[in-house]
Every structure is written in structure tokens, then in C-alpha cells.
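Peer 1: Single-letter residue listing:
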Amino acid sequence: MKNRKKPDDEQNKKMSRRDFMGAAAAATAFTIVPRSVLGGRGNIAPSEKVNIAGIGVGGQGGGDIRALSSQNIVALCDVDWRHAGGTFKRHPNAKKYKDFRIMLDEEDKNIDAVIVATPDHVHAVASMAAIKRGKHVYCEKPLTHSVYEARMIAKAAREHKVATQMGNQGQAGEERRLMSEYIWAGAIGQVREVHVWTDRPLQGINGVYWPQGVDRPKETPPVREGLDWDLWLGPAPERPYHPAYAPFKWRGWWDFGTGALGDIGCHSIDPIWRALKLKCPVSVEASCTLVNNETYPVASMVTYHFGARGDMAPVKMTWYDGGLRPPRPDELEEGQQFGTNGTLFVGDKGKMFGYTILPESLRKDFGKPPKVLPRSPGHHQEWIDACKGGKPAGSNFDHAGPLAEAVLLGNVALRPEIKEKLTNKSLLWDGPGFKFTNMPEANKYLHTEYREGWSL
Amino acid sequence: MRSLKRTAKRQGRGVVKKHHRANNVDAGLSRRDFVRAATAAAAFTIVPRYVLGGAGHVPPSEKLNIAGIGIGGRGAGDLHEVSSENIVALCDVDQRYAAGAFKAYPNAKKYRDFRRMLDKEDKNIDAVVIATPDHTHAVITMKAIKMGKHVYCEKPLAHSIYEIRKVTEAAREAGVATQLGNQGQASESNRLVCEFIWNDAIGPVREVHSWSNRPISPRGIDRPRETPPVPEWLDWDLWLGPSPQRPYHPCYLPFSWRGWWDFGTGVLGDIGCHQFAPIFRALKLGYPTYVDACSSGVNSETAPLASMVRYEFPSRYDFPELELTWYDGGLMPARPKELKEGLRFGNADDNLFVGDKGKMLGHRLLPESRSQEYGKPPRVLARSPGHHKEWLDACKGGPPAGSNFDVSGPMTEVILLGNIALHMGQKLYEKGLKLYYDGPNMKVTNLPEANEYIRSEYRDGWNL
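Residue numbers (the working numbering), protein chains in the order written: chain A, 361 to 816; chain B, 120 to 583.
Only chain A is shown next, with the shape it has when bound in the complex (with noise of 0.2 Å):
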């Protein structure tokens, strides 16, 4: 692995953008720059494409990837090319590899960007490999497998004043900004209450996008052609390889994936944290059907509180999956449908459904509220800009990290040892000092632990 160069090294040496910005960031590890300040000089100039890896390029990567295909896609890789294998012929000038550290370290110079797509356990080494390397990042979400990942990685992001963004790209859209904005107007009053829910990982009625609440296989199938296992696991503990876990599939895992929470929990708590201008839950618990240690439950509700911020009073959100939702707003006409996934608010003068408010005599004397949010160019287009020395992105980590961990502190309240013990207590959280307070067994499911040869 090289080194990147220090920056006194670099007074002698007509300075490349690339290191100009090295430079940037560690001078401001200790000083507090607003990125606005850092931003037109040091980043990439706006005429200027920025060259971006791909690593995990199936599936949404491929979809990030061709969202981000306006810049220069210079390296891609993925464990398993045949998942791989369109993205890498749209891309056949891109150096193609298997192991992101290889590519890290050989196409050093070459990249400014990477964009992460693998499966979430690998989420934070792959994110925090590049940011410690200073390339901007776009990490899907959630951000991260483990509560303490995405403290880690957002903390690492400030600290190298990288460009980032999760892959949440429903937070870049026009609805989203309604909702902070009817609800910053005060169109349904102060907010104690909201549900948010997701049918996944139930797909129709009886469909499932993967399976939960099921055991691990016992077959021991060789390995699929093109797949490196052993890099697919990346830091998790050593398993057999099965078709149950790749491609896809892993959502459902403990071990790779972070439930229907994890998947979705990023895109629609995005709008009530914003809205609601949330910060560390001050307590969560869970209830859910028989869960195991393999996968996580077929269906599960997980309640938050928070306390409360500036004028707004506490709330309780709760969260349904796997086809539960909260109860139907009387408000709510009939013939209106109530949604696989959605969010309401339930506040003092009205509810807000998604961002309708409701009852449509309320939504229709409120009227729209004042705009006061910037507009987004577009989610992906927001990174770009942000890698170009423009403003920080939607979804860039300081925002993202404590979103992330608020999501996954609900899949620690759902593992079997902890639910059990929730019914005498609730799990209470003090987000500062990374702990629960009251449950000190739970602490040790805020991290994942790595296998040998892996770190953060």
C-alpha cells in the first residue's frame, strides 16, 4: 500500500489536484474549515470528470454506476464477475478487479471517487479504505453493517474532508422537502407520533425478496463459477459458500445483511429525520416473530423515542415490516391506498401521510407551505458536485452516520439475546458515549466482529 504524500513534501512539486486536496485534509483534521471554504479550491474543478471505481458493481452498483456514467469509470470491482459481468462490458476501458484493497493500491493515482456497493458487511472497510486514502465516497446504504461502522466511517469522513453521500436516493427528491417543510410550517402541529413501514422483505403477497427467519443451509454447494467466496465474505466470519447468501439474497443474514430495516429504513426514516430534525434515539426496543441467530425475524415492529430537540416535543416512531403496517388514518379517504412502504406523522392539528396531509380539508386550507429547501440537482449529481468542491450532499455522512446508526440500533434490539430481556425493560441509549445504559450485554452487538487479517 502506498503512501499517500504528506503535504511538505509537496511545496517543491507542482501540486495535482489530487494532492492539493491530501493537503486539505490534513490540515484541516485539526481545524474546524467549513467545507464551503475548502470546496472550489480544493476539489476537482467543476469542468473537470471525476474519475470513480466501482466496488460491488451488480445490482444497485451497476445502477450507481450508470447514474454516475457522465464522469470517467476508471476501475471496477466486484468478487463475483459474473454478477459483474454487464457492468463490466458498459465499462470495458475500466481496469477490472476482485479485491477493492488491490485495486485501492494499484489505481491510487488514478481515483478520486469510489462508489461501494457490496453487500453491507463490507460497507465500512471498503468505505474506510478509501477515506483514509482521501477519495470521496458513495456508500449504499445503510451505510454500515454495525452501529460502531458508521460512527466510525462518518467520523473518518470529517476527519479526511471527503465528499460523501449514502445511497438513500429518495432524499434528493422534491416530496421529501415538502415534508420538512409542511411540517417546519406547523401543518399538522407538533409531532409526538410516527409510524413508518415496509412490506420487504415481502414481495407481493406471498412473495419475499429474500428470506428471514429461516436456519442456515447445510448443504455445502461448491462454489459458483467467477465468485471469490472467501473476499465475498470479506471480514465476516468464515462460512460455506451457498446461493442462499450471494447474490442478493444476504439481506437477510446476521451475518451480511442488515434485515428489511437495514434495507429500507435508510430511505424512509431519511424524511422524518430530517422533518422532525432528529438526532440519537434516547431509547429503542423491538417485538417480532421467532427469531434466530442466522436471519432476521419474518416480521418485526421496532419502536424509537426521542427526545425532545429545540421546540419540538418528543416523539415515538415505530417501525413495521414484513407486511405490518400501523393502523389506517380514519382521515384517510376511502379508495386512497395506504402503501407497501410509507411514512406518517401523526401530529396535534392533523397527520401527514408521505406528504399528504391529512384531512384533506386541512391539507386544502393549509395550502403549500413556504420553500424554504434548496432544491437537488439529483441525488447522484449532488456527490459530483460535492466531489467538485460544491455544498456537502443531501446525504453526505455527518448526516447519514447517526441516520445508520439509529436504523441499526433496531436490528440490535431484534437479536434473539436482546429481545428476550425486552420485557422488562426497553433498551435506553446514550448516543454520546456509545452505550446502552441499561442493558450492558447489548453493547457488544454495536460492533461486528471481524475476522483475522480485517480491521476498520
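Honestly, the hints are just simulated from the structure, not real lab data. Warning: the hint list may mix true and false statements.
What the hints assert, rightly or not - Computed Cβ-Cβ distance ranges for the label pairs, DEER-style: (1) A/461 x B/568: 56 to 62 Å; (2) B/574 x A/689: 28 to 34 Å; (3) B/550 x A/720: 42 to 48 Å; (4) B/333 x A/563: 27 to 33 Å.
What the hints assert, rightly or not - DSBU-like mimics (lysine-lysine), calculated; alpha carbons at most 30 Å apart, straight line: (5) B/229 x B/508; (6) A/804 x B/456; (7) A/785 x B/495; (8) A/676 x B/508; (9) A/515 x A/409; (10) A/709 x B/508; (11) B/459 x A/639; (12) A/728 x B/550; (13) A/676 x B/550; (14) B/562 x B/550; (15) B/459 x A/676; (16) B/456 x A/639; (17) B/459 x A/804.
Idealized CB from N, CA, C, for every residue including glycine.
On the provided structure of chain A, position chain B as indicated by the hints.
Peer 2: Just chain B, lined up with the frame of chain A:
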């Protein structure tokens, strides 16, 4: 075996006994004959139960002659509870499951087919205890009621709303003593729930949460493809009873039928009858305005692994509108903040009442300090001599049992309406509806196809 035992027992009972078997034209009316006569009379005039009671029933000094139908598992437990009486006949389609009860009551006559038993033993039976799978409750109960037998039937009262309505009406008309097997209703706890609420301990109640995480019977699965041979100890055709024909498989019995829609009624049907009893009683609930449901996935074969059902009840008497939410499969409401850390908020089963002035978990006021400060509410309800004893007393002319069908029938209808909402869950979602319900007319008013579930279809040869 119209037994010597019975004859011996009745010695010294005088005229009625002596002419017991005689035709009622030329002999004094037997009490059973009297019940029939009274029933016939009552079919066209409304006669309060208590008028009939004392006269038409078995005198308290006598023992009842009881037949058990479905006598393994819970049925054996029920028989044990009434074993102070004469257990004269036993019926089960599963000789293996029934073996324990057969052994416990060696003098009882044994049957496989309840129809045959009731026909043959008509004269020897005063009352029946029914603990078959849900799908045969109604046909058995109805036949027994029509023969003037008192009925103790396990919960839920029947497999469909229509069956419940018909059985409840028939029991009322026949004037027989009835009791549903939700024995918790007889508890001190259930009375305290009522007395706290009626004494305004938590103010008007607008919200109740009720949950159960039992039993863990298989759910959320598909019909098996294998067709193993029917074991020699089982009469599969009789086990199916009125249900549609399907091949035998050990995944259905014993007990595990609860999760299969054709036979059982899921956790809601099973445990809801226990959990809802104090709620219905304390809050005087009738039929809901609407019901809504969601679940971890419903198929046409089995109940979901986990479900939530929400009922909205209109205001009634002095009570405001109420939202009642049911949870099963491990789901439960959020822990009330009034419940101090360390106090159990278990997922096994419980009820949480949310009033304008406070909360109550089961019959415990929250927080603990409130409970201590409040003490006990005034005692306004009579205490129970025991759930089975209530029924035995009613059979002998005492007051109606606490969960007689006039009480438990409408409640069970509401419970099974929840299952219809679960069946319709996806449709409700797609169409953006809640299920509006016209209770008196047993009709879902805004989703006609839901009404197909009001009544179970019977196989040829079976009727109510």
C-alpha cells in the same frame, strides 16, 4: 350402556326417575321431556332463561350425565373438570389421542361418530362437552342443542360467523345451559378489570391492545404434497367432518390443525376468546364499525405467522369509541412508559387498556404508585365458583354461566371477523379500504367478496 350405574344412582328419586324412560303421554314428564316441551313453547314466545332454569334442569342434588366429544388434549382436561358428574359416553375420531380419556372413564360408552352417539344415547345424556377441532364445533353443538342437551363447547364457539350466529340462536331457543371454554372469564382478574374500569380508575378507555404469542402451531406454510396412509387409529373422514375433502397428513393433527384455515381459526380464534373476554365485558362491546388487518403474509391454506387486527367500536352506553388492536406471533405494543424498568411486559399474552386518565396492564394500574394509591375498586361483580362449575350449576337450574353463548357468541363473531380481515388484508390494502361491518346482518358492506368467508361451506352430507 345406559347404565346400571345410572339407574342405581337415580334410586330414590321418586316419580320422575321411575318414569324416566316412559312415554310422556302416559307417564309424568321427565325433566328432559320438560325441557323439550319448554323449548317448543319458547321457540315462539320469549321466556327468560331463569324462568325455565329451575324447573327444566337437573336438580342440584343430582349428577349430570355428560358425554364428551373430542376427548384428547383439551377435551380430556375439560372432562376432568366436570368429572364430579357422570361421564357416560365418550366420542373421538382419533383412538390414539383419546386413549387417556377412555382409560380414565372405563364405564363410559365409546363412539367415533358423535351423530351416532347422540342418537343412540339420547336418553342417557343431559349435557355434552365439545372439544373437537374448530371446524366441527358447530355441527356437533347444533345437533346437541336441538336434542335439548346442555353444551360446553371449547373456544372458539365455531369456525365461521354464520355458524356462531345460528348456534347462539338455537341455544337461546332451546333454553339449554351453555358455556364457551374460555375459562379465564371466571377469574378474579377479569372481574377486577371490569371493576377498575367501571369505577373510572383510568378514565374513559379509547384504546386497548391485546396480544398473544401462543401457541406455536405451524402457520404461514403450504399444503403438503405427500399423502401418507391414514393411521389405523384415525377415522380421517370423520375428522374432516363438514370440511372439504383432502388427503390425510400428520401435519393436521393432533393440535396442529389450529393454523389451517379449513380447520382452525389461527391464534386469534384460539387465544382471542380468552383475551377479549375481559375487554368485551368491561367495555360492553358489541359489533365493531370496521376492522382492518395486516400480517406477515396470508395464504389460502394457513393463518399468518404474525398478524395485527384493528377493530373500531362505536360509542356505546357511556363508553366512547374504542380502537382494539390484536397482535400475535410475537408482536406486541410498545412498552408503556409508565411501566417501571424491571417489571415484566411479556409477549406471552396480556391486555393493555389506555384510558384518558391512566393505563392498566391486565388488571394492574400503571404506574405501580398509582396502583398502590388506588387500592382495589368496589366489588360489584359476583365471583365465580369456577368456570366449569358455572356451567354445571346452570345445567342444574342456576344462573347462566359467565360465558354462555349469548355472551360468548357475539364476541366470537367479532374475533372471527378479524380473520376475515386477515384473509382480505391484501385486498384491503390494494383497494384502500377498511372492512366496514354490519354486525346484526352479518355483512361486510364495502367489500362483497369478504362475505364469502362469513360462512364455511360444508361437504355433502353435512349441515347445521
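Peer 1: For every hint, state whether the structure bears it out.
Peer 2: Now for the hints, and whether the structure bears them out:
1. Hint check: residue 461 of chain A to residue 568 of chain B, Cβ distance near 58 Å, so the stated range 56 to 62 Å holds.
2. The supplied range of 28 to 34 Å is met by residue 574 of chain B and residue 689 of chain A, whose beta-carbon atoms lie about 32 Å from each other.
3. Take residue 550 of chain B and residue 720 of chain A: their Cβ atoms lie about 19 Å apart, and the range 42 to 48 Å is violated.
4. In this structure the hint that residue 333 of chain B and residue 563 of chain A lie 27 to 33 Å apart at CB holds, the actual value being about 29 Å.
5. At roughly 25 Å between alpha-carbon atoms, residue 229 of chain B and residue 508 of chain B fall within 30 Å of each other, so this suggested pair holds.
6. Restraint check for residue 804 of chain A and residue 456 of chain B: satisfied, since their Cα atoms lie roughly 26 Å apart, inside the 30 Å limit.
7. Taking the CA atoms of residue 785 of chain A and residue 495 of chain B, the gap is about 27 Å. The hint holds against a cut of 30 Å.
8. At most 30 Å may separate the alpha-carbon atoms for a hinted pair to count; residue 676 of chain A and residue 508 of chain B exceed this at roughly 47 Å.
9. Straight-line distance between C-alpha atoms of residue 515 of chain A and residue 409 of chain A comes to about 27 Å, which keeps the hinted pair within the 30 Å bound.
10. For the hint pairing residue 709 of chain A with residue 508 of chain B, the CA-to-CA distance comes to about 53 Å; that exceeds 30 Å, so the pair is violated.
11. Distance check on the hinted pair: residue 459 of chain B and residue 639 of chain A sit about 25 Å apart at the alpha-carbon level, within 30 Å; holds.
12. Taken as a hint, the residue 728 of chain A and residue 550 of chain B pair is honoured in the structure, with Cα atoms around 28 Å apart against an allowance of 30 Å.
13. Proximity of residue 676 of chain A to residue 550 of chain B is assessed by CA-CA distance (about 29 Å); at most 30 Å being required, the pair is judged to hold.
14. For the proposed pair residue 562 of chain B and residue 550 of chain B, the alpha carbon gap of about 18 Å is at most 30 Å, so the pair holds.
15. Of the pairs offered as hints, the one joining residue 459 of chain B and residue 676 of chain A holds, with about 18 Å between alpha carbons and a cut-off of 30 Å not exceeded.
16. Between residue 456 of chain B and residue 639 of chain A the alpha-carbon distance is near 20 Å, which keeps this suggested pair within the 30 Å criterion.
17. Restraint check for residue 459 of chain B and residue 804 of chain A: satisfied, since their Cα atoms lie roughly 25 Å apart, inside the 30 Å limit.
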